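Participant: The lines below spell out each chain.
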Amino acid sequence: MKSIEELKAIRDKTLKEMSIRDNEDKVRIVVGMATCGIAAGAKPVMSAFIDELNKRNINNVSVSMTGCIGICRLEPVAEVFDSSGEKTTYVKLDAEKARRIVAEHIVNQKVVTEFTVGAAER
Amino acid sequence: MKDLSLHIMDIIQNSIVAGADKINISLRVEGTPQMLVLEILDNGKGMDEEFIRKVTDPFKTSRTTRNVGLGIPLLEQSAKMAGGELDIKSEPGKGTTLKARFNINHIDRIPLGDIPETIKMLIMANPNISWTIHLSSPNDDFELDTDELKHHLDGVSITNNNVLEWIQNTIADGIKLVYGGVLDEVN
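As given, the protein sequences belong to chains A and B, one line each in that order. Residues in the first sequence are numbered from 1 upward in steps of one, following this note's numbering. Residues in the second sequence are numbered from 1001 upward in steps of one, following this note's numbering.
Be aware that a few hints might be false.
Within a straight-line C-alpha distance of at most 20 Å, the following computed SDA-like cross-link-like pairs (lysine to any residue) qualify [as the list claims (entries may be wrong)]: (1) B:Lys1150 <-> A:Leu7; (2) A:Lys92 <-> A:Glu104; (3) B:Lys1002 <-> A:Gly41; (4) A:Lys8 <-> B:Asn1162.
Non-contacting residues of chain A with respect to chain B, defined by C-beta distances greater than 12 Å in every case (computed) [as the list claims (entries may be wrong)]: (5) Val27; (6) Ala103; (7) His105.
Worth flagging that the hints you see were computed from the coordinates, not collected in a lab. If you're wondering where the values come from, they're calculated on a predicted model, not measured in any experiment. Each residue gets a CB set at the ideal place from its N, CA and C atoms; glycine is no exception.
Generate coordinates for the entire structure from the input sequences, incorporating the hints supplied.
Facilitator: Below is the structure:
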């Protein structure tokens, strides 16, 4: 059993690190997690976003979920809100595409045009 | 839905949309024949009787209501397929209790799936909700309460990666402890 002591150790370590880090969320990734999204595989997509951000030690990006975005046929869908408030909608995602979005969009700040709703609907 | 963890992820969106800030997820193995009981209790805005009748009807709901769709009918289908049933109790202004029962030895009973991951994601995406997770079987009991964790965390965010990982691992240990030897998929 993982103990509360372990949790306290995590807390103490985090408190030490917090002072040297900018903890403000600047970028938001929102994954569509309604029945349509989940049935299409949104959970592994969200899991890949979280995992890839953790691997790269990126702390200023939040990952959250939302309901049906209204384009069920294009699920799994995720929206990336940049620090400027600019929104990019990515569609027909899978875990691999999610990892590429982290690498290219989040890290290199270059929209992955081929996965966007614009490209899918052309 | 392939497994119970996906149903949980889905059904809880209803509680969140209903404005709940306390959500209790309970998963129990009880009775003879042994049944797996999933109970989700929230303090959201609740539903009146007419609405409860509608939510289990996929045709009526998908046409007349935006917020409730196929999630509940799909869960009901999974429960009935495994010799169980779905039961919803709700009171406007008070909240909703949803209970799905599955015969654990039924050949069509869906597996648990990755419940620790589902709960981690739900907490991560909704850190302001007070979550309690309760697992039980004749073997053992397990409980996790995010308000209690927050108390121990003393200002460190519950959405911190290491904290979320701890939560996920703790629930995974809980599942092994409670359901090992009870459910086929847990060993």
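Participant: Work down the list of hints and note, for each, if the structure agrees.
Facilitator: These are the hints, each one checked on the structure:
1. B:Lys1150 <-> A:Leu7: 10 Å, holds
2. A:Lys92 <-> A:Glu104: Since the Cα atoms of Lys92 (chain A) and Glu104 (chain A) sit roughly 17 Å apart, the hinted pair holds (cutoff 20 Å).
3. B:Lys1002 <-> A:Gly41: 10 Å, holds
4. A:Lys8 <-> B:Asn1162: 11 Å, holds
5. Val27: 14 Å, holds
6. Ala103: The claim holds: Ala103 (chain A) sits with its nearest Cβ about 18 Å from chain B, beyond 12 Å.
7. His105: The assertion about His105 (chain A) holds, with a minimum of 20 Å to chain B.
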